[in-house]
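Assemble the whole structure, with the sequences as input and the hints as a guide.
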Amino acid sequence: MWRISLCAGYRSFECRIVGIKGLWGSRVVRTCSTPAIPTGRITALQAVDLWKNHFAERGVMEPDHSSRHIIAYLLGAKTIESLERRKLTEFLSPEITEQMWSLCSRRLSRMPVQYVIEEWDFRDLTLKMRPPVFIPRSETEELVELVLTDLEMRPGPGAGVEAPHTCLEVGCGSGAISLSLLKSLPQLKVTALDQSQDAVDLTGENAIRLGLQDRLQVYHLDVIKDADTVLSLCHHVSTLVSNPPYLFSEDMNTLEPEIFRFEDHAALDGGTDGLKVIKQILTLAPQILSNHGRVYLEVDPRHPPLIRRWVEANVQEMCYEETRHDASGRPRFCILRRVKSNKDHKLDLD
Amino acid sequence: MWRLPPPFISCMHCVSGRVVWGGPGRVPALLRPLPAGLTCVFASGKKDLTNFPVLNEDELEEQFVRGSGPGGQATNKTSNCVVLKHIPSGTVVKCHQTRSVDTNRKRAREIMREKLDVVYKGELSEVLVKKKASELRKQDKRRKANENLERKRLFREALAADPKPGNGTA
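Here the protein sequences line up with chains F and L, keeping their order. Anchor point for the first sequence: position 45 equals 44 in numbering that gives the first Met the number 0, and the numbering is continuous, going up by one each time. Anchor point for the second sequence: position 125 equals 124 in numbering that gives the first Met the number 0, and the numbering is continuous, going up by one each time.
Derived from the structure by calculation, the hints contain no laboratory data. These numbers come from a predicted model, not from an experiment. Think of the CB as a built atom: it goes at the ideal place given N, C-alpha and C, for glycine as much as any other residue. Each hint can be trusted.
To be clear about the criterion: a stretch of chain L counts as covered by chain F if any three or more of its residues have a C-beta under 8 Å from a C-beta of chain F, and this derived list gives those stretches:
| id | segment |
| --- | --- |
| 1 | 68 to 74 |
| 2 | 77 to 87 |
| 3 | 93 to 104 |
This is the structure:
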């Protein structure tokens with residue numbers, strides 16, 4: 000599965016190893032782009048050290064973390080810290096050594112670690128990752144926490160208290176938000192959309208892996224181009240949640256190679272002011288949400304005041320409730336509530 | 000670079016070492032009134048070992064790598080170590096048990112509560128030990144003083160009963 004084009008020097012002895020220090024001594028002449036796989040056996044810690052240095056030399060970000068994540072994964076653990084000392088200091092099998100070299104070589108090309116090991120954790124879930132589907136960020140874990148707190152406090156939109164909540168996620172990516180909510184709230188039902196077929200597929204795969212597919216519907220839809228279809232699918236939704244593309248177009252060029260070269264730009268680029276998809280979501284929200292239903296958005300730190308002003312001027316049925324900050328102190332989350340307007344006669348659920 | 004987690008509740012009087020006893024909860028503890036005195040709680044005998052102190056987010060500083068840029072979609076960092084510091088006691092907890100930053104933050108807080116439990120109970124124990132030691136010293140002093148008095152009394156009695164020769168008449 001990890002067949003990559005290796006340079007001619009790999010595994011051959013064109014890498015001249017001279018001197019008593021051996022492979023990683025000062026006398027090594029590197030004629031190839033990856034360090035040669037060692038002829039003798041090495042330990043996990045030695046492999047981590049070797050690749051950490053190599054990543055650093057080649058300007059790969061987080062050289063230490065990258066090699067540690069990869070070795071941990073190969074040794075069946077989530078983190079290197081959870082491995083016994085003994086496991087780290089005994090010799091790696093030839094198979095694992097080869098896999099380490101193979102995966103680390105992919106990391107050399109600036110492929111994000113999450114794509115290299117094809118998985119990552121989001122809150123208490125382990126999700127499959129696959130390029131170019133957007134990799135969930137740590138801020139989005141906090142978005143889920145906000146939604147959960149809200150849903151746990153509110154009664155369902157239906158007649159009785161037992162009526163389950165429904166949720167719509169716009170731009171589900173790998174399914175992180177939807178699946179997190181479903182895992183934590185056994186009564187919840189979720190509809191998820193993404194304009195990328197790859198994302199729709201990956202969300203579906205992750206749902207099945209986690210046994211949550213029964214309460215999740217995933218659709219391949221673009222919230223802008225397929226607005227009518229979206230509206231026909233979603234009614235009286237309790238909560239609309241989204242981590243929409245919110246970067247400013249001009250900032251796309253300053254992205255680190257890990258993101259720029261490997262992740263779907265459509266999941267990142269929010270247009271000139273980063274608000275293209277956000278505005279569309281808020282425009283459709285009144286027709287999707289039940290009365291007093293809420294929208295939870297993750298946004299760029301510059302967005303909250305812009306969104307507030309725009310909604311006040313353009314979407315009478317949505318009330319801007321609150322801006323919340325992420326753990327780094329940046330304005331990150333916008334919470335809005337659907338309210339009745341003078342024109343609104345259809346929804347009368349209270 | 001340390002920074003206080005938002006939202007910052009403006010509360011100038013609460014920066015002293017305030018630890019409130021209570022049970023666990025998802026939402027960080029809101030400010031609660033200070034109990035009458037920790038020694039009162041201790042002396043009441045209701046020492047529940049699972050009753051760890053509730054954390055006051057105002058007294059915590061959190062550090063993790065998110066970079067100085069905008070964060071969010073613009074960054075993809077895999078380092079997820081969380082370092083949590085309890086300002087009043089100087090207790091530091093480091094957690095990189097999982098690949099999820101959110102989980103590490105929660106675990107760091109759990110560990111902090113366990114540590115603070117020891118820190119504060121430990122201090123109280125120390126106070127008691129010192130108290131106990133000074134009690135013992137007082138008791139010792141009293142005992143010795145009593146013994147001295149007793150010896151003097153016996154000596155006087157002995158003198159009265161058996162005066163030294165050469166004092167009386169033949």
